[in-house]
Amino acid sequence: MTQRITVIDYGMGNLRSVAKAVEHVAGEGDEVLVTDDPALILSSDRVVFPGQGAARDCMAAISDHHLNKAILQAAHSKPFLGICMGQQVLLDFSEENGGTQLLGLYKGRVHHFPGGIAPDGEAMKIPHMGWNRVHQLSDHPLWYQISQDSRFYFVHSYYVDPEREDLAAATTDYGVSFASAIAENNLFAVQFHPEKSADAGLQLLKNFVNWKV
Amino acid sequence: MLAKRIIPCLDVDAGRVVKGVKFVDIRDAGDPVEVARRYNEEGADEITFLDITASSDDRETIVHVVEQVASEIFIPLTVGGGIRKADDIRRMLNAGADKVAINTAAVFNPEFVKEATERFGSQCIVVAIDAKQVSAEGEPMKWEIFTHGGRKPTGLDAIEWAKRMSDYGAGEILLTSMDRDGTKIGFDNKLTRAIVEAVPIPVIASGGVGNLDHLVDGVKMGGADAVLAASIFHFAEYSIGGAKQFMQGQGVEVRL
Chain H
1 MTQRITVIDY GMGNLRSVAK AVEHVAGEGD EVLVTDDPAL ILSSDRVVFP
51 GQGAARDCMA AISDHHLNKA ILQAAHSKPF LGICMGQQVL LDFSEENGGT
101 QLLGLYKGRV HHFPGGIAPD GEAMKIPHMG WNRVHQLSDH PLWYQISQDS
151 RFYFVHSYYV DPEREDLAAA TTDYGVSFAS AIAENNLFAV QFHPEKSADA
201 GLQLLKNFVN WKV
Chain U
1 MLAKRIIPCL DVDAGRVVKG VKFVDIRDAG DPVEVARRYN EEGADEITFL
51 DITASSDDRE TIVHVVEQVA SEIFIPLTVG GGIRKADDIR RMLNAGADKV
101 AINTAAVFNP EFVKEATERF GSQCIVVAID AKQVSAEGEP MKWEIFTHGG
151 RKPTGLDAIE WAKRMSDYGA GEILLTSMDR DGTKIGFDNK LTRAIVEAVP
201 IPVIASGGVG NLDHLVDGVK MGGADAVLAA SIFHFAEYSI GGAKQFMQGQ
251 GVEVRL
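Quick note, the sequences are listed as chains H and U, same order.
Going by our numbering, 111 is the number at position 111 of the first sequence; the sequence numbering is gapless.
Going by our numbering, 84 is the number at position 84 of the second sequence; the sequence numbering is gapless.
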């Protein structure tokens, strides 16, 4: 059965690598569409919501593209994968840019990393950039065939801190232990970049494409 | 904690890998896509392309190389060489590069780095620094920035320059010792250490790798966040997977 997977494009950065990675794992005949059209987003089978850049710019771009409602509706109704800023903006408030209101799907804040020196003497540079371990907290279908504590590729300076602890699907340590993945019902959202995380990342995208909610 | 990154670097001239790559099982060692695919399979954490195309007519070809590689290989890609204006950066990012490395253009127009980081974000702007030791023996260590493959001195102190680039928003420093480049006697770990201690951003050590101990030293003695090498991987003396196994055995945290 073929399906349409939509990558939401709201002008924040280049979505080519996300779209290419999804195409790489999608089934034959599946359509991968990059669009900002709310109707097309809501009529698709699955939605990928990437994002990069600063929180305020992201929120402004979402609003300029009239996507607030469509994103929240998709997040409630169909397999939905948030990536990077696409995870952060699901909360209600970010410390970035002197304080930014987000989409508010979940209660919780987005904090800046503390930095400093790790117990092993390493400086925890900001942004948190590179391959870090992702500790799975459940056997969610999106972790299928991905080893516990696999490394994924991260690039970010802020991290999500949802009020509900049960939202976390994985944690990662970088001075603090933060929710590098959150999940609820049909929604999964990750701070790392599966499209840049080699085999583990492609497996996660494949799991998303095959996910039966 | 973050793994130390191992980054193979490929010199590309008019769309072809140069300086020789010798893998027995690669059909066309000049094809950047095939070589990148091989490094990806071996577990490279990132791939860097350095465009050394002299003629501006042929420079468009690197864009196609990046496009092809980015549609097949899902790890971060950095492209350096010939990045002189914002439009060059935009084209590379649109083609699928995750980061661009700015070298000469930063020396001639430091404000370009500031403009680039404000426009595209720090995370995709790498400043490449080519440094040479200029202090005599017995004097306090001093390194200077050189351009044109190490031939032209600039009068810029390497440590001061790295700090300035970091202040301008650079996300990373790609640090090449021109004294060591091509020598295979190891990184200039004192240089790496000096830069690592001067800036709060990641530093990639480059220039001089001849064996796997050198990679370990770059991390342990130099304090590098990532190590870049070309020839030891190109000639299949060592595989990237083998290098990582060795480094892990020496207590370096790597992605296996």
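Be careful, since some hints might not be right.
Stated by the list, open to error - Cross-link-like lysine-lysine pairs, in silico, BS3-like; alpha carbons within 27 Å at most:
#1 Lys125(H) - Lys190(U)
#2 Lys163(U) - Lys85(U)
#3 Lys19(U) - Lys125(H)
Claimed, not checked - From the structure, some residues in chain U lie toward chain H, with a derived Cβ separation under 7 Å:
#4 Ala3
#5 Asp45
#6 Gln68
#7 Ile75
#8 Gly96
#9 Pro110
#10 Phe112
#11 Lys114
#12 Gln123
#13 Ala198
Because the hints were derived from the structure by calculation, they are not lab data.
Note that the coordinates shown come from a computational prediction; the quantities given were computed from them, not determined experimentally.
Ideal Cβ positions, reconstructed from N, Cα and C, are used throughout, including at glycine.
Now the hints, each set against the structure:
Pair hint Lys125(H) plus Lys190(U) holds up; C-alpha atoms about 20 Å apart against a cutoff of 27 Å. This hinted pair checks out: Lys163(U) and Lys85(U) have alpha carbons roughly 22 Å apart, not beyond 27 Å. Straight-line distance between C-alpha atoms of Lys19(U) and Lys125(H) comes to about 34 Å, which puts the hinted pair past the 27 Å bound. The beta carbon of Ala3(U) comes within 4 Å of a beta carbon in chain H, closer than 7 Å, and the hint placing it at the interface holds.
With its C-beta approaching chain H no nearer than about 6 Å, Asp45(U) sits inside the 7 Å limit, and its interface hint holds. Below 7 Å, beta-carbon pairs count as interface contacts, and Gln68(U) has none with chain H, the closest being about 11 Å; its hint is therefore violated. Checking Ile75(U) against chain H by beta carbon gives a least distance of about 5 Å; that is within 7 Å, so the hint holds. For Gly96(U), the interface hint holds, the least distance from its beta-carbon to any beta-carbon of chain H being 5 Å, beneath 7 Å.
Taking 7 Å as the C-beta contact cut-off toward chain H, the hint placing Pro110(U) at the interface is violated, the least distance being around 22 Å. Below 7 Å, beta-carbon pairs count as interface contacts, and Phe112(U) has none with chain H, the closest being about 20 Å; its hint is therefore violated. For Lys114(U), the shortest C-beta to C-beta distance to chain H is roughly 16 Å, which exceeds 7 Å, and the interface hint is violated. Look at Gln123(U): its Cβ gets to within about 5 Å of chain H, closer than 7 Å, so that hint holds up.
Checking Ala198(U) against chain H: minimum C-beta separation of about 12 Å lies over 7 Å; hint violated.
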